[in-house]
Amino acid sequence: MMLFQTPEFMFCLIILLAIYYFRPRGRMILLAVADLAFYALAGLGPAALFVGITMANYYLAQGLTGPRKRLLLWAGIILNVGNLVFFKYTLFLVGIMEKALQVPLLPQLPFAAKLILPVGISFYTFQFISYLVDVYQKKIPPSQNLMVFWLFGSFFPHVISGPIMRGGELIPQLERIEKQDIVMHFRLGLSYLALGLFKKVLIADNIAVYANNFFAVSDSLGTIETWIAAYLYTFQLYFDFSAYSEMAMGIAYLFGIKLNLNFNTPYLSANATEFWKRWHITLSTWIRDYLYIPLGGSRKGELRKYLNLFLAMSISGLWHGAAFTFIVWGMYHGLLLISHNIYRKLKARLGRVRFFETAAYRAITIFVFFHLTCIGWVFFRASSLDQALHMIYRMLIPYQLSFTAFNGKFILLAMGLYLLHMLENWLRSHAGPLGDIWQRSVPASLRALAYTAFILALILFSQGQTNNFIYFKF
Amino acid sequence: MKAFKYLIIYLLIIQLLLPGVVPLEFVYRYRIDYALVKDNSADIDVILDQIQRQIKKQDLQDYIIILGDSVAHSGPGPADQSVGARLQEYYRQQGRDRPVFNLAMPAMQVGDIYTMLLKLDEHGISTDNLIINVIYAGFAERNPGPSTVFWLQKDLARLDPASFDHIEAQLQASGSLPREEPAQKLNKLITQRLEVYRYKDFIKADLQKRMGTNRKAENGLGDPRPWYEKEGLKKLLDTPDYHNAFAVKPFDMSSRNPQIYFLNKIIEHQRHKETLVFMAAVNPELMPQVNQPGYQANLQAVRNYFAAHSVRYIDFHGSIDQSRFSDHVHLIGPGYSLVARRLGEDFSAGEKQL
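Residue numbers (numbering that gives the first Met the number 0), protein chains in the order written: chain H, 0 to 473; chain L, 0 to 353.
Rather than coming from a laboratory, the hints here were simulated on the basis of the structure. As the structure is a computational prediction, the values presented were derived from the model and not from experiment. Glycine residues also receive a C-beta, built at the ideal position from the N, C-alpha and C atoms. It is possible that some hints are incorrect.
Taking lysine-lysine pairs in the DSBU-like style, the calculated list, with each CA pair at most 30 Å apart, reads [what the hints assert, rightly or not]:
hint	chain 1	residue 1	chain 2	residue 2
1	L	K153	L	K37
2	H	K408	H	K138
3	H	K257	L	K37
4	L	K208	H	K408
5	L	K153	H	K178
Over 12 Å on every C-beta distance to chain H, these chain L residues come out as not near it, computed from the model [to be verified]:
hint	residue
6	A182
7	N186
8	K187
9	V195
10	E273
11	P283
12	L337
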C-alpha cells in the first residue's frame, strides 16, 4: 500500500504527472496502468478480484438497457453485495451464529478466519451499485468503453476510501481525459493536496498518539479524561478522513478530474440533519439516494419515514465495519435524525421563529450537537460495546472530577482544534480572495520560502510509514 | 511558476548545505543515541558521515573506535558515564587528547560488528585503533535465534554478499529478514538520498528537546540503579532465552558457529591494526552458572581462540565487584569507569609493545 503522504507516493506522482502532461494521447492507458499498479501494491489477490468485479459490472451494465434488465440489475446488486458480505462480514456472521446456536462453527469454517478484507471494497461496492442503478433508471447510459469504466472504478486517488463518485459525474470527465486542461486546476489541486497533508501529517497523526493512549486506559479514566478521549478521537477522525478526501480531490485535480467534496466543516453543524450534509457527504447522499429513498423515504407517512431513517443509518453503521459498535453508532445517528425531525416539528408549533434564528441559539445548538457527536464517536472508536458503554457512562455520570494541569492541557488542545475547525470554515468561505491576495501581494521568493517551510514541517513531523488512514480499514 | 523556481532553489540549497552545517554533537554525543537509531538504522549512516566530517575537519589521526553491544554502549546509564566517554576522559587525564567514537549499540551481534567495520571503511573512517566487546551468550548455540546480524542485514548484503549468503539461512530461521515491499524499497531509495529525510530524526529530537516534549529521552534505556535495588530481576532472568544464552554446553569454536565465522572475518579485517577485544563480565549473583566448570571451560576456549589469533583480549569475568552491576551483565557508572580505565591501560600497553 502506498500512502499519499509518503515520499515514494510523491515521487511516483511527479513522474506520472510529467508523463500525463507531456503525452496527452496516452493518458487513458497511463492512468489505467497506474491505477492497477497502485491497487496491486495492496495485494495481487485483491487486485485480481477487483479487476474481475469491475469487468462483471461493465458487462452487466451493457444488459441493463435490454429486456432482462431487472434480472440483471438484481444479479449485479447481489454480486456486489455478496462480494462485500463474503469478505467483510463472514467472520462476524459466523461469530453471531456461534453465539446464537451455542455451536463452535469456526473450526469447521477455517477459511473465515483467514479472509483478508480487500482495500476499498466498501467504497467500490457502493460506487458500482449506484452505477448499475443509474443505468437501470436511465439516468446515464452504460459506458461503452471498458478502459473508461476501469478508470471509473479504479481511479487511484479515490479507490481506497472515496469520495464515492457517481457514474454520471466521473465517466464523462474520464471520456474527455485526453482533452482535459490540467493546468487550469493545477493550483487548486495543489491547495487541496497541501490542506490534506497538513491535516493528516501535522494534526491527525499527532493527535492519534494521545487519543490511542487515552482509549487504551479507558477503564481507569474519570469523567473529564473520558471526555478528553472522546474529543481527541473526534478531531483525529475528522482530520484523518477529511485529509484523505482532500488529498484525493487535490490529486484528481492535478489530473484534471473533479471529485466531489466529502467534508464541509461538519462540527459546526447544529443538528443531525445538517451534520449528514457536511460529514462524508458522498456516503450520506449515496445512503439517501440508494437506500433511504428506495425504502420509501418520507413518502409513506411519518412513522415509516422514521423507520426508514433508522434502517438506513443502521446499515450505514454496518457498512463501516463488521462489529456491533458500528451498528450501534449507526442506530444512534438514526435516533439523532429522528429526534431532530420531531424537534423541528415542535419548534414549528412553538412559533418563536426570531429566537430560533439568533446567533446565540445556533451557538448553543452547535455546542450541544458537537457533544452528541463526540458521544457517537465513542461507539465508533471503542474496541467493544462494553468499552463504549462504560466510557459513555463515565461521560454522563460524574466520576473522579478533578481539574488537573494535565487535563487542562488537553482541554486547551481540544479547544484549539475546534478553533482550527472554525478557521478552516472561514478560510473555505474566503479562499478565492485570500488566494488572490497571497498571489498578488506576497513576492514569489517569500511565497516559496513559506512553501519550503511547509514541506520541511511535513517531513520533520511525519510519523513514518506506519500511519494508515482510519478509513482504510472500512 | 516563479515561486516554484524559488522553491526548487531553496530545496537544493538545503540538500547541499544541510550536512555541512550540522555539528557532530547534533547527531552523536559520547555514543549512538539508541532511542533514535533503534527505529531507523539508516541514522547510523548519518552519524558515520558526521564523524567522518569531524575527522577530516580536525585532521584527526589518533582516535579509537568502539564497537559492540549494550555493554560497550554502556546501558542502562547515561551517555556521559559510558565506556567511550570515560575512556576519552582517561586519556585526557593522561595528557593525551584522543577522541573515542563509541559506535556500539544494544543488540548488536558479531555480524553487525563486522558489517560496521565495512561501513567504517566505506565512510573512510580508520579502524586502526579498535575496541570490541563480546559477551558469553554470543558464543552459545543459536536456537535458531538470536540473529547473527540484528541491525545491519541489508548493509551486509550490499557490502559483503558472500558473507550474507553464508548466514542467510540463519537469518531466515531466526525471523530477522522481513520481506520488504516494493513501496518500502522505493521509500528507502528516496529517503536515504534526501538530506532532510536523513537528518529528520535528529532535527526532530533536537526540536523536541528544546521544547521539552521529547518523549524518547536519550537515557531512557532502562533502570540505571544497581541490580540489588531492582525487584524481580532474578525472576526476569529465569527464562529459557537466558538459560540458553548462558548455557554451560561446550562452545563450538569452529567456523560453523556464526560467532566464530564473523570473528574470523573481523580478525582478518583488523590484521596489522591495533585491536582489543573484551569479554563482558557476568554477575555471579544473578547467573550462578558462571562458577560451573563447563562455563569456565568455555571462557578458556574463547581465551585460547584469541590467543591463537594473536588478538589482545581481556576477560572481565571476576574482575568487577558485584555491587557495580546494574543487572546480570550491564554495569552502573562506576563499573563502566573501571572497564574504561582497564581498556585504556591495556590499549596503551599494547601500543608500547609495538
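Task: Assertion that A182 of chain L lies outside the chain H interface [Cβ separation over 12 Å] - done: At roughly 5 Å from the nearest Cβ of chain H, A182 of chain L sits no farther out than 12 Å, so the non-interface label is violated.
Open item on the list: Checking one constraint from the list: CA of K408 of chain H to CA of K138 of chain H, max 30 Å. Satisfied?
Closed with: The hint is violated at about 53 Å.
Open item on the list: Checking a non-interface call: every C-beta of chain H should be farther than 12 Å from the C-beta of L337 of chain L. Is that right?
Closed with: Given a closest Cβ separation of 40 Å, the condition holds.
Task: Pair hint outcome, K208 of chain L versus K408 of chain H [Cα-Cα no greater than 30 Å] - done: holds, 19 Å
TODO: Please settle this one: N186 of chain L was flagged as non-interface, so is its CB more than 12 Å from every CB on chain H?
DONE: For N186 of chain L, whose nearest Cβ neighbour in chain H is about 5 Å away, the distance does not exceed 12 Å, so it is violated.
- [ ] Given the hint that K153 of chain L pairs with K37 of chain L, test it: the Cα-Cα distance must not exceed 30 Å.
- [x] At roughly 15 Å apart (the allowed maximum being 30 Å), K37 of chain L and K153 of chain L satisfy the hint.
Task: 12 Å Cβ clearance of K187 of chain L from chain H - done: violated, 9 Å
- [ ] Say whether it holds or is violated: E273 of chain L keeps its Cβ farther than 12 Å from all Cβ of chain H.
- [x] Holds, since 40 Å exceeds 12 Å.
TODO: Run the C-beta distances from P283 of chain L to all of chain H and say if the shortest one exceeds 12 Å.
DONE: Nearest chain H Cβ is 40 Å from P283 of chain L, so the label holds.
Task: Agreement of K257 of chain H and K37 of chain L with the hint, judged by alpha carbon distance not exceeding 30 Å - done: violated, 43 Å
TODO: Find the nearest Cβ of chain H to the Cβ of V195 of chain L and say whether that gap is larger than 12 Å.
DONE: Violated, since 5 Å does not exceed 12 Å.
- [ ] For the pair supplied as a hint, K153 of chain L and K178 of chain H, confirm whether the alpha-carbon distance does not exceed 30 Å.
- [x] Answer violated: K153 of chain L to K178 of chain H is near 46 Å, above 30 Å.
Consistency note: the structure conflicts with the earlier hints numbered 2, 3, 5, 6, 7, 8 and 9.
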